[in-house]
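Engineer: Okay, here's what each chain looks like letter by letter:
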Amino acid sequence: MNQVKALIVDDSSVMRKIVERSLRQAGLALSSVIEAGNGAEALGLLNAHPVDMILSDIHMPVMDGLEFVCRLQTIESLRGVPVVMITTEGSESNVVQALALGAKGYIRKPFTPDQVKECVLPLLGL
Amino acid sequence: MKSLPCFSAPAALFDRATWTPLLELSTREVFEIMLGTRLSLMERRDENNGDVTALVGLAGSLCGVLSIRCSNPAARAIAGRMLGVPPAEVGKESWDALGEIANMIAGNFKGKLSGIGNHCMLSVPTIILGSDYEMHSLMASNVIEIVCKFENKPLWIRLELHE
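In order, the protein sequences belong to chains Y and P. Numbering-wise, the first sequence is residues 309 to 434 according to the numbering used here. Numbering-wise, the second sequence is residues 1352 to 1514 according to the numbering used here.
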């Protein structure tokens, strides 16, 4: 995979920018990045914008990251898209639950580009 | 970076001598990793010149509030560092950035308290603008406050935990 399309879901616009920058610093060639402020907004965008991977916060208004991951698994076309949770919750039940619901990995804030690289690239087969 | 051991202790065993350096370390790590900058500690300063305060609530095995307070120029400088833009180009993103910093410090701190942090939830950050306010807890609290220097600007980081 040469060019990656990513969806970043976080209610913080600052954090969305940081995640995007970290992906680029990790060496990922991003062809496009779309952003959403919560899970519901993300689901709406995914209808028109297929992506190769999703990075999502857990604590968000309207629809949190757990419900978002859960909803993704019910949509045939989105079930195979790898989802990485980005959270301050390192080992707690929310992360465990997210992984059980279908998330493929998690990154704990604060994070370095290397940590992003270690988590994300294998999920894309890179 | 100096590392400190994790502690297994029930919430009731508040230990200022142990938890103060953990709060300092948690704060330093967030700034070093996310902003690429080293903070230095300052002597405690009681003057009230913080224009922006970000609050994150803790509930569960730790109950209370973590806050970070600073001037508007400091908040813009922090956001500028996080976004990779000059502080002069930063607007309301500074509030968002300070809220994220508070969230990460709180998460990092509780993560260092093994056996406690796993059972503690964090709230979405709240931002207070202006300096003319006082915070009062309706419960007896233990307070740890540290003052750090970021680009020669003081940051007040306060952890107030209910007994």
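Honestly, the hints are just simulated from the structure, not real lab data. Accuracy of the hints is not assured; some may be wrong.
[Unchecked claim] Quick list of in silico lysine-lysine cross-link-like pairs, DSSO-like style, CA-CA up to 30 angstroms:
#, chain 1, residue 1, chain 2, residue 2
1, Y, K425, Y, K313
2, P, K1463, Y, K313
3, Y, K313, Y, K412
4, P, K1463, P, K1504
5, Y, K412, P, K1443
6, P, K1504, Y, K425
7, Y, K425, Y, K412
8, P, K1504, P, K1443
9, P, K1443, P, K1500
[What the hints assert, rightly or not] Stretches of chain P that chain Y covers, calculated by requiring three or more beta carbons in the stretch to come under 8 angstroms of a beta carbon on chain Y:
#, region
10, 1365 to 1372
11, 1381 to 1390
12, 1430 to 1441
13, 1502 to 1509
Note that beta-carbon positions come from the ideal geometry of N, C-alpha and C, so glycine has one too.
Engineer: Now tell me, hint by hint, if it's right for this structure.
Structural biologist: Hint check:
Using a Cα cut-off of 30 angstroms, the hinted pair K425/Y and K313/Y holds, with the two alpha carbons roughly 16 angstroms apart. For the given pair, K1463/P sits about 35 angstroms from K313/Y by alpha-carbon distance, which is inconsistent with the 30 angstroms threshold. In summary, the hint linking K313/Y to K412/Y is supported, as the alpha carbons are separated by about 17 angstroms, within the 30 angstroms threshold. Taking the CA atoms of K1463/P and K1504/P, the gap is near 27 angstroms; set against the 30 angstroms cutoff, the hint holds.
Under the criterion of a C-alpha separation no larger than 30 angstroms, the hint pairing K412/Y with K1443/P is inconsistent with the structure, at around 33 angstroms. Distance hint between K1504/P and K425/Y is unfulfilled; the C-alpha atoms sit about 33 angstroms from each other, more than 30 angstroms. Distance hint between K425/Y and K412/Y is fulfilled; the C-alpha atoms sit about 14 angstroms from each other, no more than 30 angstroms. For the proposed pair K1504/P and K1443/P, the alpha carbon gap of about 19 angstroms is at most 30 angstroms, so the pair holds.
As the CA atoms of K1443/P and K1500/P are separated by approximately 22 angstroms, the hinted pair is consistent with the 30 angstroms bound. With a threshold of 8 angstroms between beta carbons, the proposed coverage of the region 1365 to 1372 of chain P by chain Y is violated, since 0 of its residues qualify and at least three are required. Under a criterion of three residues with beta carbons nearer than 8 angstroms to beta carbons of chain Y, the stated coverage of the region 1381 to 1390 of chain P is upheld, 3 such residues being counted. For the region 1430 to 1441 of chain P, the proposed coverage by chain Y is satisfied: 4 residues have a C-beta within less than 8 angstroms of a C-beta in that chain, meeting the threshold of three.
Only when three residues or more bring their CB closer than 8 angstroms to a CB of chain Y does the claim for the region 1502 to 1509 of chain P stand; here the count is 0, and the claim is violated.
Violated hints, in rising order: 2, 5, 6, 10 and 13; the structure is consistent with all others.
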